[in-house]
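Undergrad: Below are the chains, spelled out letter by letter.
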Amino acid sequence: MNKIVLITITLLFPIVIFSQSPEYKKIDNNNETVIKINKAAAATNTIKSKFTQEKFLSILDDKLISSGDFYFARPNSLRWEYKVPFSYLILMHKGKIILKDENKTNRFDSDSNEMFRQMNEMIISLVQGSLLKSNQFTFEVFESSKDILIKLTPNIEQMRQMLPCIDMYFNRTDYSVTEVKMHEDSGDYTLIRFQQKQLNSVINNTIFNE
Amino acid sequence: MSKRSFLVIAFAILVALNISAIDTLKVRSKLIELDSKSTLFKVGLNISTKYFGGLLYVKPISDKSERIIFLSELGLKYFDFEHNKITNEITVKYAMEYLNKKNLISLLKSDLLFLLNDYNVVEKRQKSDGVEIIKSSCHRFKRKINSYNSQKIVERGFLWPRRILEIDGTSATLYHKSIIKIKLQLRRIK
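Chains as they are written, first to last, in our numbering: chain R, 1 to 210; chain A, 1 to 190.
Bear in mind the hints are in silico, worked out from the structure with no lab data behind them. Careful: at least some of the hints might be erroneous.
As the list claims (entries may be wrong) - Restraint ranges, calculated between C-beta atoms of paired labels, are given here:
id : chain 1 : residue 1 : chain 2 : residue 2 : range
1  : A       : Pro161    : R       : Lys63     : 54 to 64 angstroms
2  : A       : Ser65     : R       : Lys104    : 26 to 36 angstroms
3  : A       : Pro161    : R       : Gln161    : 40 to 50 angstroms
4  : R       : Arg107    : A       : Asn100    : 49 to 59 angstroms
Quantities reported herein were computed from a predicted structural model and do not represent experimental measurements. Note that the Cβ used here is the ideal one computed from N, Cα and C, for glycine as well.
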């Protein structure tokens with residue numbers, strides 16, 4: 001279980017957390033806004049985007065910036081690739097999970113390995129937006145005139161110790177995720193910003209190959 | 001033995017040992033710019049068949065200490081160490097519960113000291129075919145320099161080398177010569 005939690009958190013890290021800003025107003029979890037987010041997620045077949053990641057280290061008052069490309073296609077294909085200032089690739093496709101860095105490529109079969117099966121399901125459900133229906137998180141919804149904030153709190157104690165909450169921001173135009181921010185107890189956080197996002201554009205399947 | 005005889009013998013021994021210069025093993029300065037505000041490395045750690053990758057972030061806090069933070073590419077913090085440059089000790093400020101294992105932390109602390117430390121030792125210097133070999137006076141470390149940016153440092157063990165550190169420009173590889181194969185690779189990326 002520990003391994004599942006660790007690896008899941010590691011891979012979910014790009015999916016940021018957001019602190020509640022005063023301008024945000026809490027709304028009901030069954031509000032029409034939440035229904036729209038779920039509908040938009042269900043209607044999203046592909047996502048193509050660039051991303052920028054900021055890791056803020058509170059003690060050092062410093063940020064580590066990295067960036068890369070993100071691709072998703074239903075039902076469960078994902079390419080999450082860091083390009084600057086290092087190369088790191090996460091691939092999920094046809095039941096296979098590949099983690100590749102400069103020194104090593106690790107391949108896993110998500111169907112034959114319970115740990116990776118759960119990890120695969122969680123990441124894909126997060127990308128698809130169905131995480132809001134998951135029993136692994138409780139969530140609260142806030143909205144402002146600019147966007148919508150969903151604050152996820154892990155129900156698993158071990159995960160909660162490392163990540164007290166994951167906040168996701170959705171824009172009010174297409175109800176897709178624009179930023180994710182993940183806070184740690186220490187005050188550190190990781191912020192992922194999605195840019196040049198294209199929903200339901202054509203993605204060649206070869207992008208999900210190594 | 002008179003004082004004069006002792007000095008003569010000592011001089012003869014020094015000549016025999018071919019100590020032609022006194023130098024320090026500035027290993028660290030090859031990897032980290034001394035005046036840099038922070039340094040970021042891509043790291044890969046192999047322990048037997050297990051592989052552990054991530055980033056290593058080194059930032060000076062003062063003249064006396066620096067923080068060394070090991071985190072995943074995705075930003076998850078694994079370890080936070082503080083290196084006291086005066087006492088040359090590393091203390092753990094944070095360790096992820098899952099990775100908070102005594103043996104692993106001990107290994108990392110030891111390897112980080114080996115990688116990041118300045119070795120202020122008196123050395124014996126020899127030149128052969130353009131290759132410079134420098135041995136520490138305490139015989140614990142031996143360094144081989146192929147060029148300014150390429151060098152190899154061997155930490156001696158009882159019978160065979162304990163660890164070997166190869167530095168090539170801004171990259172370094174540290175091998176453990178033990179029953180369990182351990183290899184730590186670093187590449188400076190910022």
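Undergrad: Each of the hints needs a verdict: does it hold here or not?
TA: Consistency of the hints with the structure:
| no. | hint | result |
| --- | --- | --- |
| 1 | A:Pro161 / R:Lys63: 54 to 64 angstroms | violated, 40 angstroms |
| 2 | A:Ser65 / R:Lys104: 26 to 36 angstroms | holds, 32 angstroms |
| 3 | A:Pro161 / R:Gln161: 40 to 50 angstroms | holds, 41 angstroms |
| 4 | R:Arg107 / A:Asn100: 49 to 59 angstroms | violated, 28 angstroms |
Hints 1, 4, counting from the list given before, are not met by this structure.
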